[in-house]
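Enquirer: As a plain string of letters, each chain reads:
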Amino acid sequence: MTSTETRHDVLLTVNGVPHRLNLPARRLLSDCLRHDLKLTGTHVGCEHGVCGACTVLIDGKPTRSCLVLAVALDGQEITTVEGLTNPDGSLGCVQQALLECHGLQCGFCTPGFMTTIEAGLKQQPAPTDDEAREMVAGNLCRCTGYQNIVGAVHRAAELKRDSR
Amino acid sequence: MSTQLFGEKVPRVEDQRFLRGQGRYVDDVLVDTPSATLHAAVLRSPHAHARILDIDVSDVIDMDGVHLVWTHEDLAGAMAEPLPLLIPHPALTHGRTQYTLAKDTVNYVGEAVAFVVADDRYLAEDALGRISVSYEPLPAVVGIESARAAENLVHDDVPGNVAARMEQNVGDAPTAIDAAPHVLELDLSIERSAAMPLEGRGTVARWDHDTSRLQVWTSTQASTGVRAAVAAKLELDLGQVDVICPDTGGGFGVKINHPWPEDLLVTRAAQVTGQAVKFTEDRREHFISAAHERAQEHHIRVGFDDQGRVQGLDVEFWHDNGAYTPYGLIVPIITSTQLLGPYKPANYRVRFDSLYTNTVIVTPYRGAGRPQGCFAMERTIDAIAAHLGLDRTAVRAANLIQPDEFPYDQGLIFQDGRPLIYDSGDYPAMLEKIRKLIGWDEFEQFKAEAEAEGRRVGIGLGCYVEGTGVGPYEGAHVHVETSGKVKVATGLTTQGQGHQTAFAQVVADTLDVPMEDVEVVTGDTRRMSYSVGTFASRAAVMSGSAMHLAALRAKEKALRLAADALEADEADLKMVDGSVQVKGSPSNSIALGTLAVLSNPLRYAFDKASQAATQFSVGDQDKPPVDEDDEPGLEGRDFYSPNRSTFASGMHAAIVETDPETAEIKILRYAIVHDCGRMINPMIVEGQIHGGMAQGIGGALYERMAYDDSGQLLNASFMDFLMPYVTEIPGEIDVDHLETPSPLNPLGIKGAGEAGVIPVSAAIAAAVENAEGFSITSMPISPAELYDLRQRHAEHTSTTSARPPKQDGSGEESA
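In the order they appear, the protein sequences are chains A and B. Under full-length UniProt numbering, the first residue of the first sequence is numbered 1, with each subsequent residue one higher. Under full-length UniProt numbering, the first residue of the second sequence is numbered 1, with each subsequent residue one higher.
Be aware that one or more of the hints could be misleading.
A few chain B residues that don't get close to chain A, going by computed Cβ distances all over 10 angstroms [unchecked claim]:
# : residue
1 : Asp54
2 : Tyr135
3 : Asp306
4 : Gly439
5 : Ala563
6 : Asp569
7 : Ala609
8 : Glu657
9 : Asp736
Among chain B residues calculated to face chain A with C-beta under 10 angstroms, some are [to be verified]:
#  : residue
10 : Phe6
11 : Gly7
12 : Lys9
13 : Asp27
14 : Asp28
15 : Ile61
16 : Asp64
17 : Gly496
18 : His690
By construction, these hints were calculated from the structure, which means they are not laboratory data. Where a beta carbon is used, it is the ideal one built from N, C-alpha and C, also for glycine.
With the hints as constraints, model all of the structure from the sequences given.
Expert: So, in structure tokens, the structure goes:
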């Protein structure tokens with residue numbers, strides 16, 4: 001980055017870990033996560049907020065990280081796919097459900113689906129089939145045809161209920 | 001013997017890293033060393049057709065953080081020559097390829113004009129904005145009609161915009177049609193679409209001055225192809241270039257083309273700057289500078305008897321190949337041959353023109369010409385049924401190749417230059433299955449009930465045969481380490497198909513080792529330097545077979561070593577769960593890892609296991625430590641190279657409802673019967689079918705490249721190019737399988753990757769036609785287009801005679 005660009009101090013808490021960063025204003029959150037914090041689990045599929053691959057949770061709310069400037073998030077909490085794994089290293093419920101249901105192929109869109117489902121199940125812990133489809137209706141997948149992703153939403157809900 | 005894994009729904013081993021966000025895709029490579037990595041961006045032509053008068057880069061040269069800026073003038077030697085024409089064909093009389101960076105003219109919006117490398121992508125894009133190019137716009141050729149009219153030419157030296165003209169004949173179709181009791185003519189078209197993987201293209205390269213070696217990571221379907229192309233263009237020895245295909249976010253065909261201009265520019269820039277250089281394509285770039293497919297117009301003349309048996313089929317079609325032909329004629333050749341599907345017309349003639357337009361290049365997209373061919377053939381069969389007033393399944397049944405007719409020679413030359421001979425299949429059984437699965441016989445009643453409620457519903461069918469597993473070959477290398485772990489490599493690449501799982505299943509079965517001890521690497525030229533690539537539904541057939549053969553070699557050697565070690569006859573030995581055992585004497589066994597130790601006579605011991613392998617401990621004193629016809633190590637390497645392709649098949653059926661007011665098209669039910677021979681992992685196969693079908697629905701109802709007359713792509717974003725979300729895909733898809741093994745490979749497998757997409761447009765067009773009562777001849781079809789068709793059809797019927805509109809009529813009799 002050149003010295004001519006004005007930089008800003010920000011504090012981002014990502015997956016519970018605070019990071020003090022000095023960033024140019026135009027740095028997208030997606031680029032900040034991937035390039036500054038090396039959290040490459042968040043993928044960029046379209047850079048215009050349509051595909052949902054880059055979805056992360058900002059203070060628990062699913063958000064397209066390619067449409068947000070990192071400097072605008074000073075003091076906020078961000079959860080990425082890397083933060084969905086249990087503290088003991090085992091797969092979280094949503095991750096486990098996608099594994100069991102073969103809900104992924106190339107894995108590129110998967111992180112965005114998982115953060116979306118993670119947030120969705122907080123709102124609707126026992127979704128109907130229509131609700132499960134609605135939950136993932138803003139994310140594009142080019143591999144799976146979605147059948148097994150919808151199945152994974154139900155399975156994740158089950159796993160979450162069982163783990164309580 | 002442990003449980004056989006072949007045929008089991010084994011969970012995928014690659015998922016662990018993908019689910020944890022630990023996949024390593026090309027844009028993730030070297031992210032840990034950001035200061036050492038530079039970033040590239042490409043200035044692209046804003047004109048579809050123009051002469052470049054001047055390029056001024058003076059404002060960029062002194063920019064902070066910019067390391068280099070190149071135009072065509074900065075390239076030399078092979079880099080300054082046009083890109084390779086990958087698949088030359090004798091019929092491709094006027095093949096043309098683009099330059100790495102445009103020289104003198106540009107021929108599509110998106111063609112690479114200048115290249116910048118900077119500290120980061122933001123700065124590289126800033127720099128692009130400061131490059132000034134003056135163009136003299138030329139008239140653009142957009143669409144097949146404009147290409148055929150040839151009032152303007154894409155390339156001055158290509159008359160009529162015709163890159164190639166090709167014809168194949170079986171028997172004498174024109175004469176047979178003239179002699180047939182019934183004749184129909186149809187015009188059928190399919191629009192441009194694209195593979196559109198969620199990860200675009202990307203390449204990272206690092207040049208090592210100390211060893212004079214180039215390391216390349218690229219999101220490709222053919223790493224050995226990229227290696228050869230980069231070596232040729234950079235004028236390096238093949239042995240100086242390593243190409244690795246990391247985790248890849250989908251390909252669906254578009255990543256088979258190579259080298260992309262960026263592959264060459266990035267690798268050269270890495271050499272020149274001495275730093276790693278990365279190019280990551282953005283979505284708009286993918287729309288305007290990767291590749292598209294599908295656009296074709298077909299004219300069909302068919303002669304048939306009273307039972308609907310095709311006596312002569314004459315097909316002429318026009319293929320839009322875009323501005324250049326790097327991938328040759330593969331797509332139209334596939335259409336021209338695979339159009340026949342499961343049928344056996346007595347006489348067949350096919351002719352096509354492959355035409356230049358000032359649009360993005362055309363290379364195979366999942367299905368690769370088959371969706372168009374299937375659409376043309378299935379629409380024709382439906383038209384025959386409508387004309388004769390016969391059930392559409394009855395006309396299909398009358399034309400099907402029968403199970404006792406295999407191997408069936410269609411009398412044509414296929415895309416691989418080999419005869420189009422179907423190896424196996426059972427199409428009548430498949431037709432029966434799909435009829436039951438969709439409820440064909442019950443549909444008339446459902447339709448009557450729906451119509452009584454003012455609803456419009458329709459049913460349609462699409463049948464296809466897909467040549468899969470084309471040659472020339474793939475190989476595999478199996479290495480049993482002294483730990484007993486089995487390291488396996490094949491050269492073709494993976495874009496999400498689960499190869500690490502499927503191939504591990506094959507190897508684990510052949511060697512009888514636990515699946516978790518098998519680790520598969522794909523697409524790394526350091527591990528397997530001979531390979532062709534991942535396309536044409538060939539990975540399971542080609543590399544799966546090679547895996548089996550290579551593992552058999554390792555097994556032979558393990559048994560030979562074990563016979564010595566156990567002082568037993570090889571015939572009395574068997575592999576059991578990671579060791580070799582004397583039959584009937586389980587305690588008399590030796591672990592594969594120990595055999596690996598024994599296979600490599602050592603001078604130096606470095607651990608306990610290797611102590612057992614030093615020359616003082618091993619071997620017959622009267623023989624050399626490594627026999628003349630042997631080599632050290634417990635390894636197996638082999639290649640699978642079939643005589644010709646193996647032919648998978650399938651049938652799809654759709655029930656749709658069309659809204660009488662809004663003309664919205666809704667899929668009520670969808671059923672699939674699929675035959676890819678023996679399935680290695682049915683879970684993976686079903687996933688492939690689901691995904692293919694979803695892409696097919698995109699192609700049938702939503703996806704099209706909207707070019708305006710000046711060659712601007714108006715919908716180059718996911719906002720406007722409508723890929724299906726979950727809301728566009730039916731909630732339930734019924735899938736049934738038939739498994740007719742291929743006799744051509746040791747595992748009896750056929751390819752499954754592309755199948756799901758092939759007949760979707762055909763089936764949905766048929767269903768919409770059945771619901772509406774007038775012909776559907778062009779896909780995709782939007783609600784607006786269906787609405788217009790209704791209007792036109794209403795006008796047509798009100799201005800013609802009082803004759804009631806013909807139900808399901810899709811063509812006019814011309815004889």
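Enquirer: Measuring from the C-beta of B:Gly496 to each C-beta in chain A, is the shortest one below 10 angstroms?
Expert: Status holds, d = 3 angstroms.
Enquirer: Are all C-beta atoms of chain A more than 10 angstroms from that of B:Ala609?
Expert: holds (30 angstroms)
Enquirer: B:Gly7 was flagged as interface toward chain A. Is the shortest Cβ-Cβ separation under 10 angstroms?
Expert: violated (16 angstroms)
Enquirer: Are all beta-carbon distances from B:Asp54 to chain A longer than 10 angstroms?
Expert: holds (28 angstroms)
Enquirer: So, B:Asp64 near chain A? Judge it on the closest CB pair being under 10 angstroms.
Expert: holds (4 angstroms)
Enquirer: Does B:Phe6 hold up as a contact with chain A if the rule is Cβ-Cβ below 10 angstroms?
Expert: violated (18 angstroms)
Enquirer: Compute the least Cβ-Cβ separation between B:Gly439 and chain A, then decide whether it is above 10 angstroms.
Expert: Since the minimum Cβ distance to chain A is about 20 angstroms, B:Gly439 lies beyond 10 angstroms and the statement holds.
Enquirer: Regarding the assertion that B:Glu657 does not contact chain A, is the least Cβ-Cβ distance greater than 10 angstroms?
Expert: At about 18 angstroms from chain A, B:Glu657 clears the 10 angstroms cut-off, so the statement holds.
Enquirer: Does B:Asp736 clear chain A by more than 10 angstroms, comparing its Cβ with all Cβ atoms of that chain?
Expert: holds (15 angstroms)
Enquirer: Against chain A, run the beta carbon of B:Asp27 and see if the smallest gap drops under 10 angstroms.
Expert: holds (8 angstroms)
Enquirer: Taking the minimum C-beta separation from B:Asp306 to chain A, is that value above 10 angstroms?
Expert: holds (41 angstroms)
Enquirer: Does B:Asp28 hold up as a contact with chain A if the rule is Cβ-Cβ below 10 angstroms?
Expert: With a minimum Cβ separation of about 4 angstroms from chain A (threshold 10 angstroms), the hint on B:Asp28 holds.
The structure shown violates the earlier hints numbered 10, 11, 15.
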